[in-house]
Amino acid sequence: MNMTRREAMLFTSSALLFAATRPGPATAQGQSVIRFAPHAALRVLDPVTTNAYVTRNHAYLVYDTLFGMDSNYVPKPQMVDTWKTSEDGLTWDFHLRDGLAFHDGAPVLASDVIASIQRWWQKDIVGLRLKAVTKDISASDDRSFRLVLSEPFGIMLEAFARPTSIPLFVMPKRIADLPPATVLEEVVGSGPFRFVQEDFRPGVSWTYVKNEKYVPREEPADGLSGGKVAGVDRIEVIWFPSPDTAMSALQNNELDIIESVSPDRKPMFDGTDITVIARASPTVSTIRFNWAQPPFDDVRLRKAVQAAVTQRDYLDVIVGDPEAYSICGALFGCGTPLETDAGFVDSGTPNLERAKQLVKESGYKGEKVVIITPGDVASFSALAPMTQQILSSIGIDSEIQTMEWSAFLTRRANSGPVAEGGWNLAHAVFDGIDLISPLGNMNFDARGKAGYTGFIDDPETETLKTQYQREPDPAKQKAIAEEMQKRAYDQVFYIPLGTYKQFIALRPELKDYVNSPVVVLWNVTKT
Amino acid sequence: MLRLIVLRAASSVPVMFIVAVIVFLLLRLSPGDPATIIAGDAATPAQIENLRASMGLDQPLPLQFLTWIGSVIQGDLGQSILSRMPVSELIADRLGPTLVLALCAIVVTVLVAVPLGALAAWRHNSWVDWAVMTLSVLGFSIPAFVVGYLLMLFFSISAGLLPVQGYVSPLVDLGAAARHLVLPSLTLALVFMALIARVTRSSLLEVLGQDFVRTAKAKGNPDFRTLWRHALPNAAVPIITVIGLGIAMLISGVVVTESVFNIPGIGRLTIDAILARDYPVVQGLMLFFALIYVGVNLLIDIAYILVDPRIRY
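Protein sequence lines, in the order shown, are assigned to chains G and P. In short: position in the first sequence from 1, add 26, done, that's our numbering. In short: position in the second sequence from 1, add 1, done, that's our numbering.
For reference, chain G alone in the conformation it holds in the complex (with noise of 0.2 Å):
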């Protein structure tokens, strides 16, 4: 035996020492701090690489933008000074404001600008459609930039402005050559805030400084548009994989704001001080068809399912009170500029006896649907089992296959047969800013196996969409829409299931939030 019972004690007091972990982030004396929770952990820093929500929002506070939208979804100049358009429409001049600079000290100049534009449009859906008919986009000195187009874009600044899940961020030329397909490991951005990365841990924690030099514009925030005012000095984000923790962690004053609170947990915070508020942006589920396998490449099949569903079946399930939710036919978002009710065809009440008429129709031959879900998302849960009951009550057999959410967005980018790894019928759900512009919305790709998960397959929608798109006009804009929304219901692209609301719950110690569709901490305060 070598060694006694003394260099024992010494081992296991060497382990402890070894436990001794890296701090955490520092806070000075002094300073404002808001601790947020947000509704997912960020582990991507990029936001043209993923389009994940953390990560957008991540970027809203680093990054600024061309333009901005406000509360009523019109594109408002942020970073832009000025701007003019020729009159046939195919020359565009933008001016940038003064005083703008990245975190790093460098002034934003026009090919910073120029290369973040060529960089996000080789990911975002509409982004795609501008380079398209870009011919050329060049500097014309150091703050101005000029596209000119092929034909017109009639929605260039909502283009600029939309705060899906890809926005065109600006960030510095050297970073943004990069190709989209690099995931980037610096962030450095114009925006209010500055990303601290040496207090990145992924998954769990982040930090954010106040940018001293950023100059912010005259008019008050609306939306994500006007002065983006860092109201405090640090934001401290910690992501909770308990939702439970994280509201006992709100009313122990260890945190401030909660980002996403479930309409079946908000009653939890009755009677205490912290403070809900519905979230500018609602959240829409949805049933869709794999278009490119049978039995759904049948639109009588389609039709059927469609006779059969009622939102407030859903919403019942899902949400249960009704002061949360809301029955919402407009595709492009109930209380948006697009909203109509053009082509709806839920009257509340689900036509069973037309629903099975058309099954018969449709030639089913009881092969038996394939559901797939996610079983680890909690907004997913109820979904399959209330289609799976619809489907057996007009007679389509069906099954449902339950997977963790990493294999259920493999499987659904698949538009295989089902024994190829395939599926017939999944869910989705969308934040409802997501579905506010027709070229946007992703329930309207209708490029096939090319697009969107789903795989419509309808050249008429795509015209319409192009027809959309030069178009300037915004009645005529709303028209174009109406019929999109009308082909949409005739053909089923998808299953609109409602619209229900997402609540973020705040301390009282916080003044002056801003409640936009993305939850942004620019101007917020902590007395």
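Some hints could be false.
As the list claims (entries may be wrong) - Distance windows between CB atoms, simulated:
1) P:Met250 to G:Gln427: 30 to 38 Å
2) P:Ala160 to G:Asn541: 30 to 38 Å
3) P:Pro63 to G:Arg172: 49 to 57 Å
4) P:Leu175 to G:Val241: 42 to 50 Å
5) P:Leu8 to G:Pro443: 52 to 60 Å
6) P:Arg29 to G:Asp402: 14 to 22 Å
7) G:Leu154 to P:Arg29: 25 to 33 Å
8) P:Leu175 to G:Asp342: 49 to 57 Å
9) G:Asp323 to P:Met250: 45 to 53 Å
These aren't lab readings, by the way, just hints derived from the structure by calculation. Beta carbons: idealized from backbone N, C-alpha and C, even for Gly.
Use these hints to put chain P onto chain G, whose structure you have.
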């Protein structure tokens, strides 16, 4: 002793290699891929394919394995696909909270469970024995998350004595670190106490019937001294085994407690990496866990020698 350490180190090499091969193959055979997860559900097939190529996932599997294992041999566990951070840095960062938590839980467990188990054995078939065993069954039966939320409700929300969540390094603020560790350590300790108390009891019951214990008593040793100085060291081998394996299990699998109390430990990192199919991180973690088990087994063997000089290797 040195021979033992060298032999164990040598024998761990093939173990680690087998772990590496199995983990690599299992990950690649499981459905889901990191490119789809990073790109998101609105990405087109072409965009996903570009991303896969940029991560080297379009290469043949043997080539991917050789590239990875070559880096590991050179001491480089690679880079996280998602965050682009070095895997070794991620593991090192997340090891501290788990290790501190595991050691606190084990210390509490040993300090409470071993005496309780000894007491139950000493008062075999009495109400004390019955009470200890009932408590241990209860401790083992209640899930950790239930215990965690109940402790949180009583001590944090109602009494306002302790924080709900989070981790503070003892190097930053010892008092705050202790306050943050009380509830999660208790949660873990309650589960392990049950196990260790039962093992202590049964192991001691075997020893207490042996001749040397009777001799010790006959020589006039008081009860406590007989139990503590004579019986317990001779019953220690299975107890040490359970404690050692308990430490290894805690380090590799305290995910529930870490999630309930929002502690950024290695259990959460493991689950995150598996769900996101972050291959380099999962592979690195599995190698690390294998190393932990090899190391803990070695420590257990050393502890055997320390408590029982008759044991030789």
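The hints, checked one at a time:
| no. | hint | result |
| --- | --- | --- |
| 1 | P:Met250 to G:Gln427: 30 to 38 Å | 32 Å, holds |
| 2 | P:Ala160 to G:Asn541: 30 to 38 Å | 35 Å, holds |
| 3 | P:Pro63 to G:Arg172: 49 to 57 Å | 51 Å, holds |
| 4 | P:Leu175 to G:Val241: 42 to 50 Å | 43 Å, holds |
| 5 | P:Leu8 to G:Pro443: 52 to 60 Å | 55 Å, holds |
| 6 | P:Arg29 to G:Asp402: 14 to 22 Å | 21 Å, holds |
| 7 | G:Leu154 to P:Arg29: 25 to 33 Å | 32 Å, holds |
| 8 | P:Leu175 to G:Asp342: 49 to 57 Å | 53 Å, holds |
| 9 | G:Asp323 to P:Met250: 45 to 53 Å | 51 Å, holds |
Comparing the model with each earlier hint shows no violations; every hint is respected.
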